[in-house]
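Make a model of the complete structure from these sequences and hints.
In the order they appear, the protein sequences are chains R and X.
Going by my numbering, the first residue of the first sequence is number 14, and it counts up by one from there.
Going by my numbering, the first residue of the second sequence is number 14, and it counts up by one from there.
Derived by calculation from the structure, the hints in this document are not laboratory data.
This structure is a prediction, so every number in the text was calculated from the model and none was measured.
You may find that some hints are simply not true.
Identical chains share a label here; the pair holds if one copy fits it or two copies do between them.
Calculated lysine to any residue pairs in the SDA-like style (CA-CA distance at most 20 Å, straight line) [stated by the list, open to error]:
no., residue 1, residue 2
1, Lys582, Glu410
2, Lys118, Val179
3, Lys796, Pro530
4, Lys25, Gln335
5, Lys582, Ala415
6, Lys25, Asp127
7, Lys582, Gly86
8, Lys624, Gln427
9, Lys796, Asp617
10, Lys582, Tyr85
11, Lys796, Asp173
12, Lys551, Pro332
13, Lys25, Arg615
14, Lys624, His703
2 protein chains.
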Amino acid sequence: MDHPIFRNAPWKLLETELDLDVLKHCESLFALSNGHFGWRGNLDEGEPHGLPGTYLNGVYELRPLPYAEAGYGYPDSGETVINVTNGKVIRLLVDDEPFDVRYGKLNTHERELDLRDGVLRRRAEWESPAGRTVRVRSTRLVSLTQRSIAAVCFEVEAVDGPARVVLQSELIANEELPPAAADPRAAAALSSPLEGDLHEVFDDQVTMVHTVRNSRIRVAAAMDHTVEGPEGTRGTSVSNPDLGRYTVASVLKPGETLRLVKFVAYGWSATRSLPAVRDQVDAALSAVRQTGWEGLLAEQRACLDGFWECADVEIEGDPAIQQAVRFALFHLFQSGVRAEQRAIPAKGLTGSGYDGHAFWDTETFVHQVLTYTAPYAVSNALRWRHSTLTDARERAEQLGLAGAAFPWRTISGQECSGYWPAGTAAFHINADIADAVLRYQRATHDALFEREAGLELLVSTARLWCSLGHFDGAGQFRIEGVTGPDEYSALADNNLYTNLMAQQNLSAAADAAQRDPETADQLDVTPEEADRWRAAAKGMFIPYDESRGVHPQAEGFTEHEFWDFENTKPDQYPLLLNFPYFQLYRKQVIKQADLVLALHLRGDAFDARDKARGFEYCEPLTVRDSSLSACSQAVIAAEVGHLRLAYDYLAEAALMDIDNLEENTADGLHLAALAGSWIALVAGFGGMRHREDGLLFAPRLPGGWERLCFRLLLDGRVLTVEVREDQATYSLARDRTLGAQGDPEASQAVSLELRHHDRRLTVAAGESVSAPIPQPVPHPAPKQPPGREPRHR
Amino acid sequence: MDHPIFRNAPWKLLETELDLDVLKHCESLFALSNGHFGWRGNLDEGEPHGLPGTYLNGVYELRPLPYAEAGYGYPDSGETVINVTNGKVIRLLVDDEPFDVRYGKLNTHERELDLRDGVLRRRAEWESPAGRTVRVRSTRLVSLTQRSIAAVCFEVEAVDGPARVVLQSELIANEELPPAAADPRAAAALSSPLEGDLHEVFDDQVTMVHTVRNSRIRVAAAMDHTVEGPEGTRGTSVSNPDLGRYTVASVLKPGETLRLVKFVAYGWSATRSLPAVRDQVDAALSAVRQTGWEGLLAEQRACLDGFWECADVEIEGDPAIQQAVRFALFHLFQSGVRAEQRAIPAKGLTGSGYDGHAFWDTETFVHQVLTYTAPYAVSNALRWRHSTLTDARERAEQLGLAGAAFPWRTISGQECSGYWPAGTAAFHINADIADAVLRYQRATHDALFEREAGLELLVSTARLWCSLGHFDGAGQFRIEGVTGPDEYSALADNNLYTNLMAQQNLSAAADAAQRDPETADQLDVTPEEADRWRAAAKGMFIPYDESRGVHPQAEGFTEHEFWDFENTKPDQYPLLLNFPYFQLYRKQVIKQADLVLALHLRGDAFDARDKARGFEYCEPLTVRDSSLSACSQAVIAAEVGHLRLAYDYLAEAALMDIDNLEENTADGLHLAALAGSWIALVAGFGGMRHREDGLLFAPRLPGGWERLCFRLLLDGRVLTVEVREDQATYSLARDRTLGAQGDPEASQAVSLELRHHDRRLTVAAGESVSAPIPQPVPHPAPKQPPGREPRHR
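Following this line, the structure appears as structure tokens:
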């Protein structure tokens, strides 16, 4: 870890002192979520804070999208995630002095995010300005098992003398937020978005209901409490439209402790009535009271034990990366486990960056991990996409296209992009969704999903591609004027990544329709239509620059002027904040892996020479101004034999947030980069590819590592891959139908076929098989733009 | 004329009844201006109105330019022309009833814009609701000789009985405007932009000074009056911050007339003090009082006589086109004659469309006409561009470029475009300015201009091109990611028009620097730099599509999918209001002449076959959703032998505003289309090209015409070209140094060399020479997109 406040620990993120300069950053790292709602890691006492944050998945406010010059089809309004009723706050007063780390003396401070227990713990010893010392311990969780519930156990102990302590446990609506940053990647600030509908008090419980001003989504929050303390400890509740408060007062002798357990429930709906939403949170509180604090802790641990059993990645040789990949897996799991047909946003529910929108990142990066570690989360996330098909079809129609055009950025499913060349035009998101469907189906053989959602997603996106491209005179299918993954190019013809992903989308839709003619018929797919998809896939134009012997990122890209890297100063990165799009788009400079991502996700379309040459061409042009880039570069670096470089890229992806490499982790975690650490390990050093034609591995350890071990859920069974320097061992667990969604027939297969480097292996259930690892031929790695080399690990 | 209220007249635009449905349209047609300020043709009595408009050239308000997603280098604020103090209003009350054409009975109504007298006359007979009939006559002018002055002579006569009449002559600030239209081509509405600084009354004079709220430009308006009427007629003046009013009351017997002459003066400054600006308008009134109404009329006529002597175009065979081209020339003259180092906006000073901004239209279209008819106006307009070089250099630097990047749209010289793909990226404006410089120099040999402004404009734009393009491996100079004239394409590589115009710009800058090494040295031009310009010009990449045998509009354009014209409904034009840019940009559909404009302005770069083939290729793709298109199509249609089609396009350009073809003449006249009528006649049917290597004509009359005669000012001498079906006659006037700006040496040349079709002719001063016209070979004209054919004439 770069920052001295963090300490390596294999199963924890540990903070050992409190540095207010990085408070906002740590609030993102210590965020808890279950995919349904999320709490940023704000201090219990509310202040100081970087950015208070309580986010409910799907709750947003509408704001007008303004244009200096309007155009047809521009969205009128955008969706912005809002900070809803804050239930985290427990204020403490010691002899009338508020516990605030900015005053008095903080003798000790420690926080730990426990990745197995699924809780955030805090321990502090504080001496008040008047000289009274107390110890504070809190444990906070957002329940992975009871999706509406968060809970805090807060304890205060008098140390050096009797103390009169007061605890105020609060629900705060319309919190004042710090002013928004000018960075376009931050969120729009909306003040007081909640209109009060109801507030009520009953014993130790307070319930509040609000409606979001313009989006008209109704939000309920409620809290209940149990208290243990010396004789005479008692609590009272009050409420007003924007505040619920439960107060408990006690006098503690040295060594005595006051303990407050706070349960918080959230519920929301755009359609249900006020009583219905209120009753929902009251019911959730009733349920959790029955479970109790200890029961909740036990459920949380059990849930995570199940996850880690199928998902853990072990590394011997780099403790920081070991910690980081588990931190990543924990947050990915949190982001999706209970999202339940809502989006997984780019920042999960850990911050308001990018307005809380979901992008292609989810399907392309986050799903890669969750498909093999928590497939039910992927099924749910894709069913969310499926549920937005009506919006996507309307958008396609508005754009003069067939099928469905999924939004570039959204919360609800409506397009919220206010800059179309980098939004609407980035049609590859539709192929990325299709790719996620295919990946999920390949890993689970979930026939119900395919019938209910998968086929329709494939068909709708295939229709889009058919209307978006056209056959030229030479019979080549061309897709023009679109924007690929690299955001430093736009509106290019025949972006290679887009064309290849569309090709896969088209073929797969035809295949899937053929497999399930009944459902296909319900979707009005005729054999003629499927033939057109196959013809478009077959004729897909794949540009190649003969003179340079390389695939260009898009047609003509390699003809463009090179960016003047020599005269670009270090403080001019990210380029987008210091140069006009005009210049970026017209020159050879790459923000993030584009061709290189195609080399990974459509590796079947290239030979080894293409890959080596493509990577070599792109490296000196790629500035990695996007957190999405490093992992793909790691994967291809490893494939073409640059293990040292792959390691550096792995580290960049893995430490993106813990080390705050892009200096905006404060706005929320970079979920795709977190996913990238797993991808770099599994697809990079593990060489894992899961293709139509089988499961491939080409494992190789980076120098200095003794062992890498990762697990993959395949049709409900765990395949463990253990890589050592000279050999890899593949072990297949017996079928325990873990995911419960695998196709029973497929998971009956008792053995698994795979390819290890150039060998075919068969792994029987309950057994292991080992194979030697061929040594790579060392050759010099390409250079990056000056000053943009990854940190050397 | 389409509309029954207009009647053809060779020297007038005549309105013979009042149709309130076209009131707003007629206000633009009847607008008066001198380039310094403009008055829309609003009714004297103020109401009803379509859009009241008084515009001072260079007076604007700033408004923030909002972006849904901001980007580096986007302008923060835009400039919007504002309606300043209205001095046109003269209200009339007849026996206490306001003269308002919506009440009572309008027995007769006639307005005429007199193109030789330079006045707008009105005659009306109105019966008040109480049954009293009066005759009203007004004559209005905006002085071409006293640039701050407008005047109105208003007469009211009692007809059928004694009438008590009151006239209220007003200055009205912060007039309430009708709500703005949603059309992006209209102006932003700003309410009450004027802050009152001063208002004062002295005898029959009222003076008011305001400051524009955000731009801090100070605006003064003053009015003075003379009255003639029966015994006892008297006037009084009052003022408040937003109103100046001079009232005169009289009792008229039948046949008696009350006559009010109103002089109005405007002055403004962003730097001068309140007393200075106030004194300026008071002084202008003193001057005009001395001239008097009759004197002002005489000056106006004399000024226009001088113009028509050098500029008139005569047509025998189509009275409507005859009228239209004179109407066009009048408005072009008005727009530029006293602009005096301020811009000539796209709509002149006739409406607030496009926010009052100037675009490339001025240099490319308006200057073509004025260079040969009123060259001093062109010199002034280019000196205005020159005066904005500091802004243009700063903009270039912000964009990472050398030299100067002139704004796509502006009032002051600051970039005001809020959509960069169709603004900033349309760099051709810089070559268009250079082209205008070259044209002006070729026509005038104005050495002083070249030294003081011309060379620096050429050098600054050449430097821009050098930094904008780059040499590829094959030694070709490429200009990538720019937007050409056709606004249905954007960010294309090697737009042919742009590359060719840049090529000319680069060569011409090198030549000019060589001609004037002293000035070049002051601009730090080294011989090495000039060599680089020549090398870039020499290596300029000119794309050609071998397989289709045609020059593409830009690299790759001919590979794109064709627009689906068959399924585009008539009410879906203009396409930009009904389809997303995304679709327009990626398909073969052309908003306005782009390649065809290159065929005209850089005709020297193409052979006859290229031109025929290029025109034939573009015609079926060109929808003419821009008023800039028809004239260029007319020019090339005529050149390649489609005279019938050229005639139709000429008519479209010529009647654009009179017939309100784009249904937005209400927002102001389309100056470039007006210029286009002259261009279609002179460059189209006259076949005139003025190139480095000489002056060419290839005249041919359209069927049904007996004669076309036009005049060109060349080095201060008038060349008259008279075209009949079988022969053309060229006559050169003796040198009278009319423009007073011609190079004395050049204009001493007693004869003029020119080419007539394939013959070389020499015309001696004071003499004529005739030559026969070869008959064209008839061949079928290409088709336009269905439903987008020009109206057949």
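Next on the checklist: Could you work out which of the previously given hints the structure breaks and list their numbers from low to high?
Outcome noted: Violated hints: 3, 8, 9, 11, 12 and 13; rest satisfied.
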